[in-house]
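S.K.: The lines below spell out each chain.
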Amino acid sequence: MTGRITDDRGNVGQTPILRISPSGDSAVLVEASGSHPTARWAAITTLRRHLLETPFTGYVDLVSTFEHLFVGFDPIVTDYEDVARTIHRLSESPATTNAAVVPVRHFRVPVVFGGSHGPDLEELSRSLSKTQAYFVEALTSADLTLGVVGASMEPIFDLGDSAPIVPRRAAPRPRVPAGSVSLASANMAIYPFASPGGWQLIGLTPLITCDIRRDPPVAYRPGDTFRLFEIPLGEWDDWGGQPMLPTGVAP
Amino acid sequence: VSAGLRVLHAGHTTFQDLGRFGAESIGLSVNGAPDQLSAQVANILVGNPRGATHLELTALRAEFRAEAPLLVAVAGAKCTITVDGVRRPHSSPIPLLSGQRLALDRIRHGVRVSLAVNGALATPLLAGSAAPDPIVGFGQRLADGDLVEVKTRHVDFRHPEFDLPVFRFWPPSAHSGTPGELRITVGTETNELQAPDTLTSSVFAVSSVSDYVGLRLVGPHIGRQTQHELVSRGVPVGAVELLPSGELIVLNRGRFVTAGYPIVAVVTRSSQPLLGQATPGDEIRFRWESRQESVAAHRREVAALNRFELLVGEAFRASGLLHGHPDYLRTTAPFGVRASPDQ
Numbered sequence: 001m002t003g004r005i006t007d008d009r010g011n012v013g014q015t016p017i018l019r020i021s022p023s024g025d026s027a028v029l030v031e032a033s034g035s036h037p038t039a040r041w042a043a044i045t046t047l048r049r050h051l052l053e054t055p056f057t058g059y060v061d062l063v064s065t066f067e068h069l070f071v072g073f074d075p076i077v078t079d080y081e082d083v084a085r086t087i088h089r090l091s092e093s094p095a096t097t098n099a100a101v102v103p104v105r106h107f108r109v110p111v112v113f114g115g116s117h118g119p120d121l122e123e124l125s126r127s128l129s130k131t132q133a134y135f136v137e138a139l140t141s142a143d144l145t146l147g148v149v150g151a152s153m154e155p156i157f158d159l160g161d162s163a164p165i166v167p168r169r170a171a172p173r174p175r176v177p178a179g180s181v182s183l184a185s186a187n188m189a190i191y192p193f194a195s196p197g198g199w200q201l202i203g204l205t206p207l208i209t210c211d212i213r214r215d216p217p218v219a220y221r222p223g224d225t226f227r228l229f230e231i232p233l234g235e236w237d238d239w240g241g242q243p244m245l246p247t248g249v250a251p
Numbered sequence: 001v002s003a004g005l006r007v008l009h010a011g012h013t014t015f016q017d018l019g020r021f022g023a024e025s026i027g028l029s030v031n032g033a034p035d036q037l038s039a040q041v042a043n044i045l046v047g048n049p050r051g052a053t054h055l056e057l058t059a060l061r062a063e064f065r066a067e068a069p070l071l072v073a074v075a076g077a078k079c080t081i082t083v084d085g086v087r088r089p090h091s092s093p094i095p096l097l098s099g100q101r102l103a104l105d106r107i108r109h110g111v112r113v114s115l116a117v118n119g120a121l122a123t124p125l126l127a128g129s130a131a132p133d134p135i136v137g138f139g140q141r142l143a144d145g146d147l148v149e150v151k152t153r154h155v156d157f158r159h160p161e162f163d164l165p166v167f168r169f170w171p172p173s174a175h176s177g178t179p180g181e182l183r184i185t186v187g188t189e190t191n192e193l194q195a196p197d198t199l200t201s202s203v204f205a206v207s208s209v210s211d212y213v214g215l216r217l218v219g220p221h222i223g224r225q226t227q228h229e230l231v232s233r234g235v236p237v238g239a240v241e242l243l244p245s246g247e248l249i250v251l252n253r254g255r256f257v258t259a260g261y262p263i264v265a266v267v268t269r270s271s272q273p274l275l276g277q278a279t280p281g282d283e284i285r286f287r288w289e290s291r292q293e294s295v296a297a298h299r300r301e302v303a304a305l306n307r308f309e310l311l312v313g314e315a316f317r318a319s320g321l322l323h324g325h326p327d328y329l330r331t332t333a334p335f336g337v338r339a340s341p342d343q
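Keeping their order, the protein sequence lines are chains A and B.
Using the numbering used here, you'd call the opening residue of the first sequence number 1 and step up by one each time.
Using the numbering used here, you'd call the opening residue of the second sequence number 1 and step up by one each time.
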């Protein structure tokens, strides 16, 4: 993402345009275009919330990303045209366009930055001519809004227009540790599970991001706010193994 | 009644069901039986709800011992089924007496076998489903010596009709020997194909670089009109992704989002059971179908499954094999399938 994005007519900051198209025989894809990235994300996320709160007959599931909402339906019960009409109507209802107040949970996330816990921080700082402290400051000085819950429940954040554009690693790592705080493009993500990955690792949280023995396994959803804060390595054990829960909720 | 199935030789066997419905919004792929039709057929054949947890074997021989009287059924890929060394039919209810050994061998014409057991299997669940999710590390393979615990109403039952395979059903089948032809319908970027006909005029081979997330195909180079990367978005099961190299990947039930590749086609619902049985080396041909045609085919398949369930239920009642469905079973309502009134 580079700077402000305009639509075909050069409009900035307008309400995003939602385009709905079939995605196979049992799903639709909603794409937000025009306006600003934040507005596109907000339109998708608001639509997501409405569909989860009041699912239409035949609704099966959804996947929301920064600019798209994928909605699966049961073609025996409903059809593409009906689903498209329902989504179109929802997207135009005042409750959707006026970004109604959503109960937002807040998460505080301790992170050990750099060193063996963030093995890419030093090299990344050098290659982008920044200090390591710059990245720590950029991630810990403000609340971050959770943009997308990605594959395997990964929380992904858009760091916004002013964030440095971070390249992916040339060769992905075969195994990134669970809890890794990572950067790519203008996004930050926390790996919930040990997995292969090509993002730049700058820190590690001792919290358990995702616990598959709990139902649901994660407590966060798009729109929630996160505040990262730096802890020294010596405090790791004070946090180690605790689940990532919203403030005010006992484990 | 708590009973069990002892795993003598595990092969590659896991717990399985139709999938983790409703969990994609929290970031979990649907997963579930790649061959959804066989999973439902196997459960119907033992009088279970269609979405009940069952066992799924992949490619390898497995052997079990009944630790109590059990009613089982095998569906999916063809295989050689024996009970204490005596051949038993595929796609048919098989009563096991306590101590009898069930062996499934020579899995062929497909790669996945659904083994259903009347009753509720005791398994861990993730977001309401027993389906393995390798990405998050849920759902381990069974090991030799494991006991699969079963809550069942099945009681010791010897019926002359079961000693001879005269009690035969002909379940709806999507199988045609090899996966063969997969029908496809339009995807969100079909219009970016240089020539949509190249998908249907060529033969593709399933590469060995294939897993639960997707099958990589070997075939002619497929051209795209543009090269722009797409922003990450959710994609359907059966999505055919076109890589920058001109190769295709067909996404299976473990898929979630596309990382920048266009979806040039989607394997239809009624072809997905065949997709789920595809194995490296298989040849695949595609045939375009309209969305209306593919929904109509899916409707026919669901109707056939409904008729089959009624027929099996009639046979169970007539033979006294089962006194109705256990009402404590967990039901996972699959796509397009509603529980019949007696469930």
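Rather than coming from a laboratory, the hints here were simulated on the basis of the structure.
Hints may contain errors.
Covered stretches of chain A, going by a simulated chain B footprint (3 or more residues, C-beta under 8 Å) [what the hints assert, rightly or not]:
#: 1; stretch: 22-31
#: 2; stretch: 55-63
Quick list of simulated restraints, FRET-style, between CB atoms [what the hints assert, rightly or not]:
#: 3; chain 1: A; residue 1: Glu-122; chain 2: B; residue 2: Gly-260; range: 21 to 31 Å
#: 4; chain 1: A; residue 1: Phe-229; chain 2: B; residue 2: Leu-8; range: 33 to 43 Å
#: 5; chain 1: B; residue 1: Ser-290; chain 2: A; residue 2: Thr-131; range: 27 to 37 Å
#: 6; chain 1: B; residue 1: Arg-61; chain 2: A; residue 2: Ser-185; range: 21 to 31 Å
#: 7; chain 1: A; residue 1: Pro-196; chain 2: B; residue 2: Asp-144; range: 48 to 58 Å
Ideal Cβ positions, reconstructed from N, Cα and C, are used throughout, including at glycine.
S.K.: Now tell me if each hint is right for this structure.
M.R.: Okay, the hints, checked on the actual structure:
| no. | hint | result |
| --- | --- | --- |
| 1 | 22-31 | holds (count 8) |
| 2 | 55-63 | holds (count 4) |
| 3 | A:Glu-122 to B:Gly-260: 21 to 31 Å | holds (29 Å) |
| 4 | A:Phe-229 to B:Leu-8: 33 to 43 Å | violated (54 Å) |
| 5 | B:Ser-290 to A:Thr-131: 27 to 37 Å | violated (59 Å) |
| 6 | B:Arg-61 to A:Ser-185: 21 to 31 Å | violated (47 Å) |
| 7 | A:Pro-196 to B:Asp-144: 48 to 58 Å | violated (30 Å) |
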